[in-house]
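Engineer: Listed below are the residues making up each chain.
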Amino acid sequence: MDWKHLDSARRDAGAIEVDLIEAYAQGKINRRKFVKRGTVIGLSVPFMGGIIAACGGSSDGGGDSSTAEPGTSAAAVGSTPAAGGGAAGGTLTIANQKPSGPLDPIAMQDLGSYNILAQSFEFLVGLNDEGDIGPSMLATDWTPNDDGSVWTFTLREGVKWQDGSDFTSADVAATMDRLVASNNAAIAGVFEAGAVDSSDPLKAVFTLTASNGNLPYLVSVFNAQSVITPVSYEAGSTLDGMPNGTGPWKLDSYDPSTGAIFSRSDSYWGEAPLLDTINIQVFADIGGTGVTAMQGGSVDAIQQFSVVGGEGLLGSGDFTVLAPPSAAHREIWMKTDTGQFSDPRVRQALALTFNRQAMVDQLFTGRAIVGNDHVFADFLPFFDAAAVPQRERDIEMAKQLLSDAGFEGGISAQLNCGDLQEIPDLANIIVADAAEAGFNLTVNVESQDTFYGNQWCPAEPADPPCSGAAELGIVDYGHRPVPDTFLNAALKSGGVWNSSQYFNPEFDSTFEDYQRAVTIEDQTAAATSLATILNDEVPIGMAYFYDYLSGHSTAVTGMQVTALGHTFVQKASKS
Amino acid sequence: MLGFVIRRLALSIITLVILITIVFLITSVFPDDPGRSLAGPFASQEVVDSINERIGANDPKGEQYFRLVKNTITFDFGDSFQFNRPVSETLFPALGRSSKLVALGLIMTLPLALMGGIIAARRKDTLIDRGIVTLGLASSSIPEFVSGVALQYVLAVKLGWFEAVAAPNRGFFGELKFLMLPAFAIVIVYFGYIARIARAGTIQALDADFTRTAYMKGLSSRDVIRKHVLRNSLQPTVAVVGTQIGYLFGGLVGLEVIFNYQGLGNLIYNAAREQDYPMLQAGVILVAIIFMICTLIADLIIAWMNPRARLNVRS
Amino acid sequence: MADVTTDDHMADKPDDLDGTTEIVDLEPVSPGQVDAGGERRQVRRERRRLLFRSPAFVFGVVVLSFWVICALFGDLIAPYAANPTSDLRGPARQAPSLDYLFGTDTAGRDVFSRVIFGARSILIMAPTAAVISVIAGTLLGLVMGYFRGWIDEILSRIIEALLSIPVILIALLALSVLGQSRVVVVFTVAALFTPVVTRTVRSSVLAEAQLDYVTSARLRGESALFTMTREILPNITSTIVVEFTVRVGYAVFTIATLSFLASGGVQPPTADWGLDIAETFQLIKAGQWWPSLFPALAIASLVIAVNLVADSIDRVSKL
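Chains as they are written, first to last, in the numbering used here: chain Z, 1 to 575; chain S, 1001 to 1315; chain X, 2001 to 2319.
Honestly, the hints are just simulated from the structure, not real lab data.
List of simulated lysine to any residue pairs, SDA-like, C-alpha gap at most 20 angstroms:
| no. | chain 1 | residue 1 | chain 2 | residue 2 |
| --- | --- | --- | --- | --- |
| 1 | S | LYS1158 | X | ALA2095 |
| 2 | S | LYS1124 | X | LYS2318 |
| 3 | Z | LYS36 | Z | ARG516 |
Produce the entire structure from the sequences given, and follow the hints as far as they go.
Structural biologist: Next comes the structure, spelled out in C-alpha cells:
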C-alpha cells in the first residue's frame, strides 16, 4: 500500500471523502462500491484511480471487480459504444411508450414522457459510461460540505438555451423551486423552496434541510422530473407548448397519438450528434405492438420491452439487447392501518405463499432476481443482501400465522392491479399460490391510469395521502439508483405514495438516520436496519427486482439507455 | 331530386340532435369530477376546483347541454383531458388516418366481393355458390383482431413483406406498406358480408321481368348482366356499403389497437379508457356525422340509379 | 362481421316496404299460411324436417352443443383446473403435446382446459344479452308497428340515431361511464342490440297489420293488447326466432371483442376467450401461437355455428 499517496489524498479531501477512502483502504468495501460511492460525493475518476493504485489495485481484500455482481442476473450493459467515424445523417426511429399525459416536466409520471422530455432538456447530473451518475450534463463537478448538508454544483460554461439565452444557476434554482412546489417524490423533505443559491451564475449551491449523502442522485437523470427547464417555465408549461432545452435535440413537432420528431439542435454545447433527426414513435402497448414494430423492422430501437412477449427480440441475431442496472420492481402493498391486513401476521402469511423463484422463472425466464420484501438492491454500495435472511415459501407457516391472527377460515380480498406488462400474470400467480394457504383472492385489473386513481392513490381523502387506497394491490416502481424515493414516498409515514398506510416511528427515525448518513458505514448500518424492519413487518410484499430491457437493431451503434426510460442517442449512428 | 335531398338532410339533422342528446345523457353522468381526471391524482383540490370551473363542469346541466350542441356546430370541443390541448388537434389527424385505411380497405374489398357475389348468383345453388357463401360467412365470423394478428405474424414478421405495425411520417408508399395488412383484415371481415348482399341483389335482378325481357330480346348473357342486372343488383350493395363505411370509421377498434394505428377507433378507445370526455364526445359525434354523410351519399346514388326510391323518404 | 351488428337491416330504410332494397331481410310469413292453427303446426313440422336435413344446420347444432356441454360440464372434461396453484401448474410456454393438448401459457396453465372453461362466461352472457334485446325489441316493435303515429315517429328517430354509431364505440362509451361488470356488459350489449331488433320486428308487424285478419280483429273490437299478443305475435315468431339466433352470434362477437379490449366485465384469471387472446396474442410473433390461436378458434367456431343455425332457420322460414 502506498501510504504516502494515501496520506496526501486524505489531506486534500473533506471529511466525507476521507471516511470513504478510509473504508476502502481498510477493506470494508470493495473497489466497485468505492468507485460508485466516490462518484456520488464528487470524487474525480483520476483521483479515485490514484487511491486505488495506492491501495494496491484490485488485489486488495475487498475486490471482486472481475466477477459479476452477485444478484444481477446478467452483466448489466446499458449502452453500446459509438462506432468510430459512424455514418453521419439519417433518421433514427425509436419505439416509445405513449405518454399518459401532457409533456409537463414537473407533472409527468411515466417513462413515455420521461424520454421525450430528456431529448431536449438535460439534468444537472448526467450519466457515466457504466450507466451510473457522472458529470456528463449540466454540472461538471459537485462537492458536499463536511456534514453533507450543503452541496455545491459547478455548472458547465457556455451552455445556451435553444432560444439563444444563457443557461445559468437561476434556471437551476427555478426548476428546483418548481419541483419542491409539486411535492416531487424524491426530494420531498430533502430541501425546501429557495434552497438553491444562484448568486454565482455558474454555481448552484444547495442548502438542505438536513444532511443527505445521496443528493447528486436526486438531481440526476434518475429523478426524471428534475430536468432543468428555463426560468420562463412555470407550473403547467409543456415541452410542446414552449419548445426549448439545452440538450442535443430540438422538438420539431409533437402529436400525442403518433409521437415526436426532433432535429439536431445547433445551440447544443457538446459534440454535434451524427443523426439529423430522431422520430420518437409512441405505442400504447410498447411491449406488444412496439415489439412487433421492432421485430418487423419498422423502428430502429425500442425504449423498453418485457421478457414475456419479447422472446422474439431476445433470441434475434439482428437485435442488440441493452440491460442497464435496474432496481425496478413491483410492490404488493397491504394496508396496515385498517382491515384484514392490519395484523402483521396476515401480511407475513401472504408473503410466505409467494413462490418467488417460480415467478422469476415464469415471468422473466430468469431475467430477474428474487426479492425479500424490502427495496434494497444488492448492487447498492451500502447494502449486502445476505444481511437479511431470505423469506422462502412456507405454506404451513402461512396457515399457522393466519390462524394465529384469527383467520382460521381463510381470508377473502380483492387484489388490484393495472394492466401493465407482466403485472396481471403476476396477480394470477399470486392468487393461485396464496389459495393454498387459505387466501381467497380475486383479481381486479384496470387500465393503469384508472388503477392509479381508483385503487393505488385516490385523490380523496387527501390527508394522509393514499388513505383511500385499496386493501391490497400491486403497483409498479421504476428504477432508482438509490432507494430513497421508494422509502420516502411509499413507506415513510405520510409519504405521497404510501398506499400501505404504513406508519412506523421506528422506521421513520431509521430512515432519517439513513438520509443523513454520509459515511459508508453509517449508510450500511441504516440500510440494513430498514431492510430488516420491512422484511419483518411486510407493509409491502416484494417478490423480485427485474431486469429492465431495452435495445436496438444491430445497425445502430452508440446508444445509451437508463432503466427510467431514457434513450440517449446524441452519439448514435445508423449504418 | 332537390326536394329529396332537402328532406333527407332535414332527417339527418334531427337524427344528429337526438344523438347529441344521447351522448350527453351518457357522459353527463360523470362518475367522478373531470377536474380530477384532468389534473391527476396528485393535484391539490384548489387546482381541481379551478379546472372544473374553467371547463364548466359546475354549470347547470341545461347550459352544458347547449354548450355541447354549440360545440358540435362549431366543432370546437375544448381541450382534451388526456393531452391538455385542443381536441381537434388530435381528432382531425386521426380522421385523416382513418380515411386512408377505410379507402384502401374498400378498394381491396369491393371488386372482390362484387365479383364473388355475382358469380355466386349466376351459379346459384351450385357448389361454387355454396362455397362462396360459406367462406364469406366463416371469414366474417372471425374477429378482426384475430385475423389481424395472424396476418401480422405471417406476412410481416415471418415473410417481411409488409411493415408489422403502423409507421407514421413515412410518405405515401411507406404508409402503403403497413396499411396493406389492416386492409387485408378488412377484406376478410367484409368480403363475405358484401358478397352476400351483392349475390342476393343479383338473384333478384336476374329473376326480374326486365331481365327476362332482355334475354327474350336476344341479348347475350354478358350484355344482360352488364346493362341490366348490374345496375339493379348494385343498389342494395350501395346502401349497405354506405352504412358500412360509416362503421369502418370508428368500429375497427381491435384492428387499430393491434396495428398501433392511430385512427378514430383507437382514439375513442383510449379516450374511453382515460375518461377523456371532450375527446369521447367529439369522437363519437364525428363518427355519427360521417355515418350520416355516407348513408346520405349512398341514398343519393340509389336515388340517381332508381328514381322510384326517391319517393321513399318521408317528409 | 366486425361491427356489422346492424347490418342485415340497414338495407331497408325504415319505411320502404316496397321491397326495392329489401334483400337479405326476413320476409314475414306469407298470409296464406297463417290463419288456422293446425295449418301453422303443419308448416312448422315441415320446416323442422327441412332444417334437420340441412347439413349446415346440423353442423351448427353439433358445434353449438359441444360448447354448451363444455360450459355445463367443464369440470368433467377439462384435464386441469383453469387456475392451478403453483405446485400444480405445468411447465410454462409448452407447445401442444399429449400432456397438454393445446400447450401451456406463460403462467404454466393448460390452454385446453382454459378454452373449455372459457365457454362458460360467453355462453351465459351472450344469450342473456340476446334474450333481453329480443324481448325489449319485440315489445317496442309491436307498439311502434301497431300504433304507428307519433310514438313510432319518435322511437324511429332515436333508433336511427343509435344505429349511426358502431356498437363497439357506444359500448366503450357507456362502459367507461357505468363501470365494468358482467351485468353492465350484458345490459349494455342488450340495450345496443334492441334498436335493430325493434326495427326488424316493427317492419314485420307493419306487414301483418295490413292483413285481413288484423283488420277483422280490430273490427271485432278486440283490444290492442289482444290483437298484438294473440293475433300478430304468433305470426311473427319465425322472424323473432331468426332475430334471436342472429343476435346471439353478434353478442358472442361483441362481447369477445369487448373482452379483448379489456372492457368485457370479466376479470383475469377467469378463463375467458377474448381476455385470453388479449393477454397472449403478442406472443404469436415470438412463435407461441397456441395460447391465442385456440381461444380464437373457439370464438370463430361458436360464431360460425350460431350463424349457420340462424342462416338455416332464416332459409326455411322463408319457404
